[in-house]
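Asks: Using the sequences and the hints given, assemble the complete structure.
So you can see what is in the structure, the chains are spelled out below.
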Amino acid sequence: MNSSVIVFPGSNCDRDIAVALEKLKFKNKMVWHKDTDLPKSDLIVIPGGFSYGDYLRSGAIAGKSNILNEVIKAANDGCLVLGICNGFQILTETGLLKGVLLRNKNLKFLGKDIQVKVINTENKFCNKYEKDQVLELNIAHNEGNYFTSKEHLKKLENENLIPFKYCDKDGIINDESNLNGSLNNIAGIFNDKKNILGMMPHPERMVDQVISNQDGVNLFTSLLN
Amino acid sequence: MKITDIVVEKHGLKPDEYSKIKELLGREPNLLELGVFSAMWNEHCSYKSSRIHLKNLPTKGKNVIQGPGENAGIIDIGDDDAIVFKIESHNHPSYIEPYQGAATGVGGILRDVFTMGARPIALLNSIHFGSPNHSKTKSLLNGVVSGIGGYGNCIGIPTVAGETKFNSTYNENILVNAMAVGHVKKDKIFYSKAKGLNKSVVYVGSKTGRDGIHGASMASAEFDENSDDKKPTVQVGDPFTEKLLMEACLELMKDNSIISIQDMGAAGLTSSSVEMVSKGDLGIELQLDKVPCREENMTPYEMMLSESQERMLIILEDGKEKEAKKIFEKWDLDFAVIGKTTSTNNLTLKFKAETVGEIPIHALATKAPIYDRKWTKTKLPEKKVQIKDLKKIKLEDALLKILSSPNHSNKSWITDQFDQMVMTDTAQRSGSDAAIIRIHKKEKAIAVTVDSSANYCKAHPHTGGKQIVCENWRNLISVGAKPIAITNCLNFGNPENPKVMGEFAECLLGIKEACEFLDYPVVSGNVSLYNGTNKKNIHPTPVIGGIGLITNINNKINQYLKKDGNTILQIGKNFGQLSQSIFLEEIYSIIDGPPPEINLSNEKNNGLAILKLINDKLVSSVHDISSGGLILGLVEMTFKSNYGIKLVKPKNLSNLMEYYFSEDQGRYLVEVTPDNLEKVNKILNENNVYNEVIGMVQKNYFELADQFKIKTNDLYKTYNTWYNNFNGFIS
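Quick mapping for you: the protein sequence lines, in order, are chains A and B.
Take the first sequence: its letters are residues 1 to 225, numbered as in this note's numbering.
Take the second sequence: its letters are residues 1001 to 1731, numbered as in this note's numbering.
No lab work stands behind these hints: they were computed from the structure.
There could be a bad hint or two in this list.
As a list, the in silico DSS-like pairs of lysine-lysine whose alpha-carbon atoms are at most 30 Å apart [claimed, not checked]:
#, chain 1, residue 1, chain 2, residue 2
1, B, Lys1020, B, Lys1279
2, A, Lys64, B, Lys1279
3, B, Lys1512, B, Lys1604
4, B, Lys1640, A, Lys105
Replies: Here you go:
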């Protein structure tokens, strides 16, 4: 499978995701934000970091960059797109995903391991997980507090567009495990066609037992299925 | 402007220093020249009070590639890999403006590391605040922690370890020390020494503004009631630009364009240009009109003294300007040729076709004053307090009180504000004895830790100096690393006070003795003097940052209990000495007597035996015993697991408090499976390492017969109480 990782000035998880993709047998290319051509890709990843310093608003400037026009075109043609952390923020800025990511509810940066529950496995990204499986992933963000309109939230729930929700170690979805304050404990969402996934936790940080655990592996191997 | 006595004083120069300037120049300086002298001759840049003591430190060793004197120290970790690291203080700016002060402290130390060609792989910090009840502590703490996180998180270097301490000695003068660690291939190291005549001097990075003018001079004076007026001397950080600068520099370093490179840190353009040509025995001519400026009508004086962040000075090989410029433009950074190297041995400053300043380089660098300041010895204090004379307290109550104290409770509320995992090579995060960072795509790793013990250093600087080196060494051993070298950040009060100067001299003597004995050289460091306000000096607070090597990352180990039925051994002898212990301080508010004695040969013998046990895979967990003594060490092993310990009643010492809270040095706790117990005993006995059985691992409870039985979950809750209360009113 061919993947492309978009690199903005200020991206800082670009190397991490590239390492994970290569380890899991993707043929990966790095794409600089000023480029106007996108290599042929089955998967486009927008990595975490602080694109353009996150000045103005997280992801706002990146959402208007050259290469994003190409990403939008490819996404509309059905290419798989994964936005992680800052990548999720950028996807909401472009409108490819609806809703916004507000400041965390405690107004502090959150860098820690958390649990998410796999809510929905009938999609390209999660088919190797079990439904209701509890994953331990890592978060590292200032703005991960997902918010959207009532109508959109209802649609997300009704149409199975929420793959991951924050939960506790026993898989219970409660306020205590919702550290950033997201609506309905949302940790990630799909677009209507489920070819675009935006998520705050970092699956690429959980692919190596020596460093952490391997709970992120199946997200990538699902795509190869 | 006429140079009057007042102008001289405002530049932080003493009258005799000014006379020396006139003598070296053979004339009166103009204001620009005076400013340049003040930037180079202040304590922060010249080390004028500390130099004669620093030169006694051991700085060489078989793993040392570069010792002190460069942007950072470099050690060899085998194959073609080297580690570049240094610690630096940003105390004064952080007290005036905590967020920016701490953030630019991180930015500055990162530049020191990537200037040498290394990609930074880890950040650490040692931060000291006043009493939690002091009116400024909450906002300073919040500001510093968000500043450290704000910079490191954005640039994408994991902040993996550190220490946070509270003591009223820092009420008016906090300490913010930041350490950066980088990885470089041995044949790709870059130095600051200039070489060759008529080579282009290139300015890259951010534009120069009026921020931070005289920052280094400010950091070389005590605070007084007008310290808030010094806000304009604090620099403003931009981690995004630093990220671009780092990537651009590392990209340029892939080929051979760079002759030498130096970051513009303290004293900005002045010290970077002078240091480069001073090392290369050359002169330098700068065309100040060409300096990229952020503000209009900046004067040569302002340009030379600005401490605007995220700037570098590079001396390029002939004909490389075009290629180099392309790289910096790709990263949207300024690139300007602002001068050339010369044979004059002068710093020549030109502005609008006029020479506005000309100073011999040696006058600024090698001829800077050096002082052998008066110092007095600190006598070993006598022990006055006997435990039998104190009001009795239950062991359990004392333990819970210490666990819920600011200094010994959980600090994850701080480290949760840092990205510890970016770069995905952090194999052990903060909270343990040391953090572990894998060398990218390799099987080996380094362990890193920072330590300080201001109370011990205050009580007896010589012993305290030895103790911090030993504790740092022990922390690395405890995760399975072979300690290689250290960096030190020497935070002290006013060196013009003989008592303070004595604390400095004797702490250094202790550091020297321990480093020599443990073969643990000092390869970089920083001195921060004048920490105090209105003649009140802080406790002597040297901070040691250590690096150890783990050749096979699969041999790494942590402190957390692994299985019920395993035996816990105490390694090293317990003498039950309570002087200067946390127990006396927290329970009785008593600070008394000598710090625990350091026996370097036991320290080394015990440590090397532990390392052997770890490498032979004979122990399941290891933890060092430090502040809080044996019992706190044991409790810390129960966290993050479902296991507790059933303690064996001690035989030797009659007093439980002395036994469990003593901070005698050179000790470790190890967990051993029944299968390995005999082998472990054999190795310890063969190496003459004292050990005794402390208890057995059991599920869920921490207990001592006839004394207490506590659920480990409840211990962990207690460990988090202080934060929950304190956080309640800080956020």
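Asks: Against this structure, judge whether each hint is valid.
Replies: Evaluated hints:
no., hint, result
1, B:Lys1020 x B:Lys1279, "holds (22 Å)"
2, A:Lys64 x B:Lys1279, "violated (47 Å)"
3, B:Lys1512 x B:Lys1604, "holds (15 Å)"
4, B:Lys1640 x A:Lys105, "holds (26 Å)"
Hint compliance for this structure: hint 2 is the single one not met.
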